[in-house]
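> Heads up: the protein sequence lines correspond to chains P and B, in order.
Everything in the first sequence is counted per our numbering, starting at 7 for the first residue and increasing by one.
Everything in the second sequence is counted per our numbering, starting at 3 for the first residue and increasing by one.
Because the hints were derived from the structure by calculation, they are not lab data.
Computed from a predicted structure; not experimentally measured.
For every residue, glycine included, the Cβ atom is placed at its ideal position computed from N, Cα and C.
Be careful, since some hints might not be right.
Claimed, not checked - Covered stretches of chain P (in silico footprint by chain B; criterion: 3 or more residues with CB under 8 Å from a CB of chain B, positions within the stretch not fixed):
| hint | region |
| --- | --- |
| 1 | 18 to 27 |
| 2 | 44 to 54 |
| 3 | 63 to 76 |
In case you want the letters, here they are:
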Amino acid sequence: MSVATELPGFLSLAITVGLVVASGVTLLAGYRVIFGPTTPDRVVGLDTIATNVVAIAILFALQTDDGFFIDVSLVLAIIGFISTIAVARYVSEGDIIE
Amino acid sequence: MNTIHAALVTLFIAIGTFFLLVGTIGLIRLPDVYNRMHATSKATTLGATSLFLAGTIYFAPSAPGGAGLTSLVGIVFLFMTVPTGAHVISQAAERMGIEFAGDAVWPDTGESRPESPDESDE
Numbered sequence: 007m008s009v010a011t012e013l014p015g016f017l018s019l020a021i022t023v024g025l026v027v028a029s030g031v032t033l034l035a036g037y038r039v040i041f042g043p044t045t046p047d048r049v050v051g052l053d054t055i056a057t058n059v060v061a062i063a064i065l066f067a068l069q070t071d072d073g074f075f076i077d078v079s080l081v082l083a084i085i086g087f088i089s090t091i092a093v094a095r096y097v098s099e100g101d102i103i104e
Numbered sequence: 003m004n005t006i007h008a009a010l011v012t013l014f015i016a017i018g019t020f021f022l023l024v025g026t027i028g029l030i031r032l033p034d035v036y037n038r039m040h041a042t043s044k045a046t047t048l049g050a051t052s053l054f055l056a057g058t059i060y061f062a063p064s065a066p067g068g069a070g071l072t073s074l075v076g077i078v079f080l081f082m083t084v085p086t087g088a089h090v091i092s093q094a095a096e097r098m099g100i101e102f103a104g105d106a107v108w109p110d111t112g113e114s115r116p117e118s119p120d121e122s123d124e
């Protein structure tokens, strides 16, 4: 879980800045989830949060030099897609599996 | 890790972070749900894809554990699923009767509100 030591300084700086920005935009997307006036607004906000968490997982894989977190990001992308489809079908059709 | 390798990874991280920021600003600032998903589904996809490319370059595709190839699979997966998700959300918003912002209108009716769910069923 330690930062890889052989990375050049500008790369580890870029990874840190990317992590901070990705975490910040994830929090900002939470504004749309909480206040966003209609239900599809909230679904779009949650979808954006899912994609941003995928990005955070990739950046964390780069920071820790651990390729396993790429698999984590792929699984998070799958979960985000399925949950988006499920919620959209629930609010439009009334049930998920007919 | 030599300097050119690191510089390429840094470039893709910068591009990806920029697109994530633009997508989320669009999510917050744009006026209605159709515009918001227009911003997020494209910009956020490009951002996450660029970060996946950074992962592919960082972990070379032939690396043990296959992290680089998994990143390429993630790119393909994102490009297939994110437009599908945005389409399904917009379809749900249209079924729920969400209005357009401003003076945009639906093409058939000439109104900002879509047809009632009874008439527009499939």
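> Compare the structure with each hint and give your call.
Comparing the hints with the structure gives:
Only when three residues or more bring their CB closer than 8 Å to a CB of chain B does the claim for the region 18 to 27 of chain P stand; here the count is 5, and the claim holds. Counting residues of the region 44 to 54 of chain P whose CB lies closer than 8 Å to any CB of chain B gives 9, which reaches the minimum of 3, so the coverage claim holds. For a cut-off of 8 Å, the count of residues in the region 63 to 76 of chain P with a CB near a CB of chain B stands at 7, and the three-residue condition holds.
Every hint from the earlier list agrees with this structure, and none is contradicted.
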